[in-house]
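The primary structure of each chain is shown beneath.
Number of protein chains: 2
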Amino acid sequence: MKANEFNYLLRATAGKKTITERSKDFPKWYQDVIEVADLAEHGPSKGSMIIMPYGYAIWEAIKSELDARISEAGVANMYFPMFIPEGLLTKEKNHIEGFSPEVAVVTHAGGKELEEKLVVRPTSETIIYDSFNRWIQSYRDLPLLINQWANVVRWEMRPRMFLRTTEFLWQEGHTAHATEKEADDFAKAMLAVYKEIAQDILAISVIDGEKSESERFAGASRTYTIEPMMQDGKALQFATSHNLGDNFAKAFDVNYSAEDGSIKPVWQTSWGLSTRSIGGLIMSHSDDKGLVLPPKIAPLKVVITTVGASDDKVKKAAQELSDSIEETTLMDDRDISPGEKFYAYEKRGVPLRIEIGPRDIEAGQVVIVSRDNGEKQSVALSDVAKTVTQELEAMQKRLYTQSQERLKNGVVDCKTEAEAVAAVEKGKFARVDFKIDSKKEAQLKKNHAITVRCYPFGQDGKAILAKAY
Amino acid sequence: MKANEFNYLLRATAGKKTITERSKDFPKWYQDVIEVADLAEHGPSKGSMIIMPYGYAIWEAIKSELDARISEAGVANMYFPMFIPEGLLTKEKNHIEGFSPEVAVVTHAGGKELEEKLVVRPTSETIIYDSFNRWIQSYRDLPLLINQWANVVRWEMRPRMFLRTTEFLWQEGHTAHATEKEADDFAKAMLAVYKEIAQDILAISVIDGEKSESERFAGASRTYTIEPMMQDGKALQFATSHNLGDNFAKAFDVNYSAEDGSIKPVWQTSWGLSTRSIGGLIMSHSDDKGLVLPPKIAPLKVVITTVGASDDKVKKAAQELSDSIEETTLMDDRDISPGEKFYAYEKRGVPLRIEIGPRDIEAGQVVIVSRDNGEKQSVALSDVAKTVTQELEAMQKRLYTQSQERLKNGVVDCKTEAEAVAAVEKGKFARVDFKIDSKKEAQLKKNHAITVRCYPFGQDGKAILAKAY
Chain A
0 MKANEFNYLL RATAGKKTIT ERSKDFPKWY QDVIEVADLA EHGPSKGSMI IMPYGYAIWE
60 AIKSELDARI SEAGVANMYF PMFIPEGLLT KEKNHIEGFS PEVAVVTHAG GKELEEKLVV
120 RPTSETIIYD SFNRWIQSYR DLPLLINQWA NVVRWEMRPR MFLRTTEFLW QEGHTAHATE
180 KEADDFAKAM LAVYKEIAQD ILAISVIDGE KSESERFAGA SRTYTIEPMM QDGKALQFAT
240 SHNLGDNFAK AFDVNYSAED GSIKPVWQTS WGLSTRSIGG LIMSHSDDKG LVLPPKIAPL
300 KVVITTVGAS DDKVKKAAQE LSDSIEETTL MDDRDISPGE KFYAYEKRGV PLRIEIGPRD
360 IEAGQVVIVS RDNGEKQSVA LSDVAKTVTQ ELEAMQKRLY TQSQERLKNG VVDCKTEAEA
420 VAAVEKGKFA RVDFKIDSKK EAQLKKNHAI TVRCYPFGQD GKAILAKAY
Chain B
0 MKANEFNYLL RATAGKKTIT ERSKDFPKWY QDVIEVADLA EHGPSKGSMI IMPYGYAIWE
60 AIKSELDARI SEAGVANMYF PMFIPEGLLT KEKNHIEGFS PEVAVVTHAG GKELEEKLVV
120 RPTSETIIYD SFNRWIQSYR DLPLLINQWA NVVRWEMRPR MFLRTTEFLW QEGHTAHATE
180 KEADDFAKAM LAVYKEIAQD ILAISVIDGE KSESERFAGA SRTYTIEPMM QDGKALQFAT
240 SHNLGDNFAK AFDVNYSAED GSIKPVWQTS WGLSTRSIGG LIMSHSDDKG LVLPPKIAPL
300 KVVITTVGAS DDKVKKAAQE LSDSIEETTL MDDRDISPGE KFYAYEKRGV PLRIEIGPRD
360 IEAGQVVIVS RDNGEKQSVA LSDVAKTVTQ ELEAMQKRLY TQSQERLKNG VVDCKTEAEA
420 VAAVEKGKFA RVDFKIDSKK EAQLKKNHAI TVRCYPFGQD GKAILAKAY
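Just so you know, the protein sequences line up as chains A and B, in that order. Per numbering that gives the first Met the number 0, the very first residue in the first sequence carries number 0; after that it's consecutive. Per numbering that gives the first Met the number 0, the very first residue in the second sequence carries number 0; after that it's consecutive.
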């Protein structure tokens, strides 16, 4: 399969030349990987980000996997305006308290000052539930299941590429149900979808559980989360799903007439996954040579590079080989040094590199190099297509196993707060079963930058403490 | 093929019951079709629009067709911030003159007044070419071909669903080339892509040509356009492609070193197609019963409705039939009146309706009804899958032929201005070969709401005059 659309990977001026080692300065290494892999650049206004073609191709791949599962769950995509009249945003008390410090406000438009200010959506509960109020009348209108892919704006004080940018891309799902249980089940089902995306597609092992009261989404009754461990031992909130109870239903008068004729509030959920997941992807697998991508999410799976004297015979053989491979493959027959070529794809995390030169053709074989472990194998030309498929599968498994081992070895059971703090300072997740009230939580955060990541499902109320992105 | 994701079409409360006749009040009819087909609703802030699931599914279908062609042309998708610092927007003189009356401005964010105001993108030339300045150094970096799918904001004084909304969805392509000719060829090639989408996919016949100086995109050297004729004889600017010359290159210092070492400005293009195209789609094919969709763009191609006593035998047969059809098919076995069921899909423009009841099963046949001409045919159960495919193809051709005939018969050659005005008042496009200077153009617009739609390609400088949406 050809991949002409990846010609931008060849652009001459992309990327810097050196990468800080992970062990020396993890945040600097993260920024370097983004730069050498040409994933994103700073935009002109503070905290904004330009998502470069390769970074965007990764987002499109995540989107495609997630969108299919959202549709499979019976949820319909639609689109709401990004400007929320200020009066709507303030209807749910906890919601506005949580978001008001972060919003961007349009005060002028069409050359005039607006009568009512418009807030650029930080999330869309308020504008969407204002419509749910019109659309839901009877139990026959339930459940109402919708989703939108959109940009949102939250003014960040300490912006960081993908992790915290003033504008980011995401999907936000919003549902209304007849019963509290059905809503809670649905919120958990969507968390399970996120877990599947993280584990099965992005090869990132996660802990799933419930957030503490102080870490809940503003306006939610319960917030569910998946939390993987990054290579430096910090947690990352990867995606969240909220049981909103009837809090918004009451604020927006979203009621339905039940089969028995009684009028009841609906029970709601909302859930989102954003471009932040790309930050988690980078910090899960990448190394000191640059980006490492699990094959299932890599926009480009294979690159075939000619080596040695690239005469017409070599170029022709490389093209034939490329055509024979089912997975997305780019053929690079530029007459530049092999080192320069190899590095271009290594730093961008292309899973497999196939080297073909005059001597390979004579011997009827090629060299296949795996990005994650650097292993090389000589493979007969006739076996290449099969080997590529097998090795991509094997790499996906290796990366997931590695992430799984990191998380497994990274969780330490602690009996006291002092033990827990010491464990987290060593780059571990502390699992504790002592009680953490909101006062204690605030202290841990203030004194040690430690937060309760979640109360994992099925672990008898134990909490996971960690530092986090 | 199943279509569970279309269950929202069954929602009980959707849509009003009556449609104004086209002949009585075309604009009212247009609004009614949007309402009965549940395509969009007004948003809470003036001029904003909520795109409902069915309308959004049509946009996703258009997007999918267009995105594949953009990629085929070697253009990479990426994403730029939507907030443009005011200082960037004002760099190209004609550009800011054209857009300044329409912009929305963020003055406050994160609880503070911003030092530099941020304009919500009305289009992204300025923020993108600010980056092109960094990315382009030598001829090896050219051509640079990128595209983004995004929301944009233009403050509209006379908003109308899909056609003019304060926020809309679109793609905007931006390219830089080494020569003026290459840029002009590329701008024309992308217009040809839009023409293909309009004609081959949306079954809308168009005139392609160049805009007059006064109708050009703000900052362009030449603007190319495709202009179909709506059912009321008005034109609609469907999509445009701009040869930007070196205007923005000079404003943003986008230069490259040529092979001979000389420093030269790049030559640029930009081109866009928006959710406005859905407005054009509605006004091209729909009728007094509601929406009519060309099969190639219809999110749902076939609906199977049970009629008469829907016992288990009928439901089972309907399900089997549904499974046997390759095209996206919804099976509706609700026990409601056939009339109610038929109307639900008719007003939404589902191309084919298949009716199946106890007597049909006995006779081993079903009735297939075509949405566009209302024709019914009895088809043996074993021939249904084949007939569906054939009839969808035939309908696509019928709708395109109808659009082609309308445009062909709608263009009238006129020798004088008086003739032209009279023709346009009768709902025609006037084709004229007398000179129309900018003064004359302004008069026609002011006195008759008539504009020069374009100078069609290959017609010796003749102009098309019409009223337009």
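Read the hints as simulated data drawn from the structure, not as lab findings. Certain hints may be false.
Stated by the list, open to error - Okay, the calculated bits of chain A under chain B, using three or more residues with CB under 8 Å as the criterion:
#1 35 to 48
#2 99 to 112
#3 123 to 133
To be verified - In silico negatives: residues of chain A with every beta carbon more than 10 Å from chain B:
#4 GLU115
#5 GLU166
#6 LYS194
#7 ASP322
#8 ILE324
#9 THR327
#10 VAL411
#11 VAL431
#12 PHE433
#13 LYS461
Where is the CB? At the ideal position from N, CA and C, for every residue including glycine.
Tested hints:
no.	hint	result
1	35 to 48	holds (count 6)
2	99 to 112	holds (count 12)
3	123 to 133	holds (count 3)
4	GLU115	violated, 8 Å
5	GLU166	violated, 5 Å
6	LYS194	holds, 22 Å
7	ASP322	holds, 17 Å
8	ILE324	holds, 19 Å
9	THR327	holds, 12 Å
10	VAL411	holds, 37 Å
11	VAL431	holds, 35 Å
12	PHE433	holds, 37 Å
13	LYS461	holds, 36 Å
Hints 4, 5 from the earlier list are contradicted by this structure; the remaining hints agree with it.
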